[in-house]
Structures are given as C-alpha cells and as structure tokens.
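Student: Given next are the chains, with one letter for each unit.
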Amino acid sequence: MTTVSLSGGPEPAVRAAVVSAPARTLERAWWQTHNAQRKIFGYTLLAPAALYVLLLVGAPFLFSLWLAVSDANVGDPVARFIGLENFRSAWEMDTFWIAMQNSVVFLVVAAIFKSLLGTSLAFLLLQNFRGKKLIRGLVVIPFTLPIAVSVLSWKWMYDSQFSVINWVLFHAGLIGGYGSESWPIWLGQPQLALAACIAVNVWRNFPFSAIVLLAGFTSVPLEVLDAAKVDGCTFFQRFRHVVVPMIFPILMIGLLFDTVFTLSDLSVVYLLTQGGPGNASKILPVLAYQIGIQAGNLGRGAAIALFLVPLLLPALFLVLRNLKRREY
Amino acid sequence: MSDPRPVQTALSTLNRRKFLTVAGAGVAGGSLLTMLEARQAPAQIKGTTLRILQWSHFIPAYDAWYDKFAKEWGDKNGVKVRVDHIPHLELPARMAAEFAAGAGHDIIHNGSSILTRLYYKSLVDLSDTYDQIGKKHGGWIPAAKSLVEVEGRYYGLPIYHILLPMLWRKDLFDQAGLKAPDTWELARVAARTLKPKGHPTGMHFSQCADANLNWRSLLFSFGGAEADPSGDNILIDSKETRETMRFAKALFDEGMTPEVFSWDDASDNRFLASGVGCWIHDAISAYRTTEDTNPPVFQNTHIALEPAGPSGKRVSVAAANVWMVWKFAKNQQAAKEFLVHLMDNDREGVIQSRGYNMPYINDGYKKPMPVIGTDPKMQVLQDFPKIVAFFGYPGPFTTPIQEVVNLYVLPDMFTRVGRGQNIEDVMKWGMGEYRRIFSKHKRA
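Going line by line, the protein sequences match chains V and X. The numbering of the first sequence is this note's numbering, which starts it at 1 and goes up by one. The numbering of the second sequence is this note's numbering, which starts it at 1 and goes up by one.
No lab work stands behind these hints, which were simulated from the structure alone. By construction, the Cβ of each residue, glycine as well, lies at the ideal position given by its N, Cα and C atoms. One should not assume that every hint holds.
Claimed, not checked - Calculated from the model, a selection of chain V residues having no Cβ within reach of chain X, i.e. all distances over 12 angstroms:
hint	residue
1	51
2	52
3	128
4	129
5	155
6	230
7	240
8	248
9	280
10	289
11	306
12	307
13	312
14	318
15	319
16	320
As the list claims (entries may be wrong) - Okay, derived cross-link-like pairs now, SDA-like style, lysine to any residue, Cα gap no bigger than 25 angstroms in a straight line:
hint	chain 1	residue 1	chain 2	residue 2
17	X	440	V	71
18	X	442	V	161
19	X	440	V	161
20	X	249	V	88
With the sequences and hints as input, model every part of the structure.
Tutor: Right under this line is the structure:
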C-alpha cells in the first residue's frame, strides 16, 4: 500500500528510494520523448505516400533504367547488360529525331494555347452570371471524359470524307467541296496532323489549367486588388504585378503538371494518327510504345522513353528552384 | 465326358509385368475409344477453368457465336470457359504483360502481328496437334506453317486468315468501258479514268494494318521481296521495289486524293460504302459494310482475284490469325482439346463470320465453300489459297520482319514516295531502317 503525505507527494522514504534509484530508470527511452514521438507520428503519416512513390514510381523508374541498358525483349526472360547501346541505336534513328522535334513542338505549342485559353476561361468563370455553377461543371467535361471516347469523336470530326469541321467550313464558304484542293485532310497532311493532335490535347487539358488558375485567383484577397485599383492599376497591371506574383507557386505547380501530362500524352496521337502520316505527328511516347511493346524491344523502347527525362528535368528544376526562392 | 484337367492357355506364361502392360494398353485404348465415341474430353480436365484471350472480331456476330460455342464445349466437358475480347492492336501489349507476369490466359490470340518467333521459348510445342489437325482435314495450305514453325516445331495453330481482295465498282467500270481489274495495270488505268469523274481509288499511305498488307501484296506481285527465303538477308533494295514505288506514285498522282494519307483501317470501308471509291484493296468487311449501309452500291460492288503484277505474278498478303498456348498456362490439356474442337468446326466459323474467316486447312476449300461458294460475287475467294502469303514472304515471319511491320517501315517508304520524295532517297532511308533492325536482331 502506498503512503501519501499531507502535501500530496509520496512519503519521504519513498522519495528517497526514488532518488536513489539508478539514473537510467528515470530517463525515458528515446522513442518516448516528445520530439521523437512527433517525428514518428510525422513519418507514419508520410509512410503510405512515400511507400506509394517508391513502389509505383521509384521501382518502375529503376527498372526502366535497367531495361534501357539491357537487351531485354518481350520474348526472352534473360536480358544482358549492353551499356549505352540502346541510346546509341535510338540516336541513329531518323524517326527518333523527328519524334523528339515533334515532342518539343507539341509541348510548347500546346502549353501556349492552354495558358491563353485556361487564363481566359478562369477569368470568365470568376465573373458573376446566372448558371455559373453549371458552366463550371460543364467546362471540366473534356478533362473527365474517357480519353478513348473523346479522341474517337475527334477522329470522326477529322475524317477525310465526313469531317463535320470541313462541312461547317464548306457551308461557310471558306473551303471548296470534298475532293477539291482546299478541302483539308486533317490527319493526312503533315502539318495539319500534328496541329490536329495538339488541338485535341489543348481541348482536353485547358479546363485543368483553368481550374488551377481559378483556384489561384480566388485565393487573392480582394483588399489587395482593391488597393491596386485605387492606386490606378489597369486590369493587365493588376494581373501582371499583383495576381501573378501572389499565385506564382500555384502557376508553377500547374505548369509542371501540364508539362508532364503533355509530354507523356501517348493516347491522343496514338489513337488519332499512330504517329503518321509518315511520322509527321510521331512523338517520343508513341515511338517508345511502338518499339518497346509492339516490336518487342523493351530495352530500346525504355531508352527512347527515358529521353523524356532530359526534357522534363529542366522544367522540374526551374519550377522547384523558383518555389524554393519564394519560400525565403 | 469332358476332361477335368484345366486347359493349358497362354495365360499361364503371362508374368505380372506383361499383364500390367497388356491391361494398361487395353484400358488406355478402351478409354480413348470411349472418349472418342462419347465425343467428350477425358475426366482430368473436368472441373478446371480455361481462359481465352482473343480480339474483338470485325464481325460482331462471330464473337457472339464463338463465346456460345466455347461455353457449350465447356459445359459438355465440365470446363469453365472464360473468353476475354480486346481490340487487336492491344494484343501485343497484353501478351508482353502476361509474359512478364508469367500468368494470364491459357490460349492467346495473335492477329496480324504474329509473335510466334518472339515468344516460342515460352509457348507450348503444338506440333502433335498441328499434325493431327492437318491429317484430319486434308493438310494445311502452303503458307500456314511460315506463321508458327520455329526450328522444325510448331508453336501455334493457324485458325483463320483474312483476305484483302480487290473490291471494285462494276457499274462505274462498265460505264467507262473499262476491263475488270485483273492486273495492277488495269486497276491503275481504271483509277486514272474514273478519278476525273469523281470516283478516285485509294490505298493507305499511312500507318495502319491495311497499309502493311496492301503494299506488300503490290510489292510481292511485282516480284519484290523484303527478305530471302531464309529470312536472314534483306532484299528490299531491288529494281522490283523501285518499280513498285514508281507504280504507287503514278497510282497516287493519277487516281487518288490526298485523303489516303490520313486513312485508318476503316477509312477505305467508308470510302467504298459512300459510293465515291471506284475500287479498293481491302478485306470483305468493306463489302459487308457496304451491304449494310448502301445497298445500291453494294449491288454493283464486285470482288476480284488479287491483281497480277507485270510478270503475271499474284501474291495476296493476308491478315493472319493464330492461337498459342503459354507454357505457364495452367490448363494446357483443355487448351489443346478446345483448339482441336474449334478446328473441327472450322466450317461453322466461316459461316458465322459471313465468309470473313478463311481456313488454313485444305478441306475448308472444298467447293462450294459455305457463304462464299453460294454468293456468285464471292466465289472467287475460293481460289485464293495458292496465292496467299503472309508477312516475311517468301520466308517465315521472322522477328526482324515483325519489327519492320510494327514500325510501318514499308508503308512509310510508299508514303514518302507518294509525297514526292525521290525514290533513291526513299530507298536509302528504307534500307537504313531495314539494316538497323536486321543487324540488331542478328547481334541478339
């Protein structure tokens, strides 16, 4: 039975026993300290995400690195190390350089259009008008539709004979009839084919840009904008000198996502043209798929796919560096 | 009175080993006979599951029949059969995934892109089944074995192939006083004559399955080849190839519109069905589409034998379809028995596909063939087996050729010529691609 003193603490004898006990029994184990427990709690929360990234991103990435330096093909369970042979082989292909060039054009042109359209749409959606919520819901439809469905619809709209776009242009008197020189063959003329693929990519993804920008715009305090107005700033000055700096981190993250989505967009080009006519719309993901999966050269396909990394790394570096600077 | 002594018989000399041998053979033979008589599979496949992966057929009714057919076979033999259909372009990726995982379907379908040589080390040797079916059905057509034979063994079963004959508008030809397109030259004259009247022709100057098939039919009929019969040496750089490219360029300039640069596998179907095209070189799905969508045009659409090249040679490159069984398949026995049963009902497959599926077995060509033999316009399809070829002709469908096909190198060569690039430059580019691919596989 424990004796309790009037002051509320243990009896002096007990206190003495406690004091005379070895020091280590008083110290708590390191994991019991407040700081350690906070850290453990933090890491526990982080663990699922980290595990997810390691297993589903890190491991496949490392595996693709191995494939790229091996002679792996789909029918052979054993792969040998061949160094940079796959990269050299890709480097020597005409088609690879065409695909690289198309990828860059695809990325830059699509990014420009998505920025313009996304910004315009975001501003429109900021205005107050009847049915605003409905319109906000509708504009994300292209982004949420299954890609196969939407791209097949576009394929019909681009059909060489039954194109609804051409039908409208013809009835507007802008082009001649089917079979005439001015009848556009959207997926059959090299420049038009790439432009057609870019248009579908823009159509699919600019609502995403708009939503990202909209989220940024709504986070800008009205007082700041009002103050800028009082100071005599025009709309574009407010946008350039107030809004953009304040939503810069969001813009950067949006840009990063968009770059990754665009550069790895296999589906649109593959479903519309398979890279044709004559490689005119071939981009790196399509070439990597054709060589790696369809032709069975996993090693060379992986090497071609990895050429995307040098394209993505600068964007990633710039974005992260800018974000870090802003933090200070 | 009978002699009470036991009669001496041979049995007295039968030892235990002989008894077991004779009895075992008797039981096995008896079981086999019983099994054959009952037309049922042996008991060991009962209670198992058979998983089949196949393409979504261009004739949906065939898929409906096939699924029912597989289920009925399964019900009869106590096997649970599951058939998965996916688009044919996804088959190579799916096959790669199953190979990597070492698990998946028992039977796997290959369409157009036949991957036997790529995967044969992981496929069941079906030589016995191949021979058994051949003997039972009058042998295989000459081109069949090139698809599945590797080092003298057979690692797949050719099930059916799809022909791409000439589909031409007789009414338009007659109005212009043109002869039927029995040769490529006559086809060119027709295109040249009918294009100004609003009826051009079209062949795919694009990257699609039909482009790979059609340009090879033209090239081979002109006497050209991609590789020699061994499949090891490149033959694309030849005067025949140059002649074919010159012909293709003239055909394009005189008889086509630029829309052919955008064509996919279904575009020429629509082109014919719309009433615009004077002829196309395509599978009879185009003929069937026209039948369903534009009956007046269908009435005037006729089918011709593969046009002859300058020296009279006819080679029709067809889209092959082959079944394979994985070595890691859990139900190999049921897979083999189902495939034999399917081949025994090959005729029904022709009927259900409305004459789209062409047999690989000689008995399948006994005239009149179902559907094809009863339609006067389609009867000519019965004469194709001797001129049918597959990718790799005159050799096997090797892995380098498979890569050439999958990267659309040959259609790209024709596309470049069609766009006006110099033939020698195109040949240089094409040879570069062929050499790079062949040398890589040789090193491997």
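Student: Hint by hint, note whether the structure agrees.
Tutor: Results for each hint:
{"no.": "1", "hint": "51", "in the structure": "holds (22 angstroms)"}
{"no.": "2", "hint": "52", "in the structure": "holds (21 angstroms)"}
{"no.": "3", "hint": "128", "in the structure": "holds (45 angstroms)"}
{"no.": "4", "hint": "129", "in the structure": "holds (40 angstroms)"}
{"no.": "5", "hint": "155", "in the structure": "violated (8 angstroms)"}
{"no.": "6", "hint": "230", "in the structure": "holds (57 angstroms)"}
{"no.": "7", "hint": "240", "in the structure": "holds (42 angstroms)"}
{"no.": "8", "hint": "248", "in the structure": "holds (41 angstroms)"}
{"no.": "9", "hint": "280", "in the structure": "violated (9 angstroms)"}
{"no.": "10", "hint": "289", "in the structure": "violated (8 angstroms)"}
{"no.": "11", "hint": "306", "in the structure": "holds (18 angstroms)"}
{"no.": "12", "hint": "307", "in the structure": "holds (17 angstroms)"}
{"no.": "13", "hint": "312", "in the structure": "holds (23 angstroms)"}
{"no.": "14", "hint": "318", "in the structure": "holds (34 angstroms)"}
{"no.": "15", "hint": "319", "in the structure": "holds (32 angstroms)"}
{"no.": "16", "hint": "320", "in the structure": "holds (34 angstroms)"}
{"no.": "17", "hint": "440/X x 71/V", "in the structure": "holds (10 angstroms)"}
{"no.": "18", "hint": "442/X x 161/V", "in the structure": "violated (44 angstroms)"}
{"no.": "19", "hint": "440/X x 161/V", "in the structure": "violated (41 angstroms)"}
{"no.": "20", "hint": "249/X x 88/V", "in the structure": "violated (34 angstroms)"}
Hints 5, 9, 10, 18, 19 and 20 from the earlier list are contradicted by this structure; the remaining hints agree with it.
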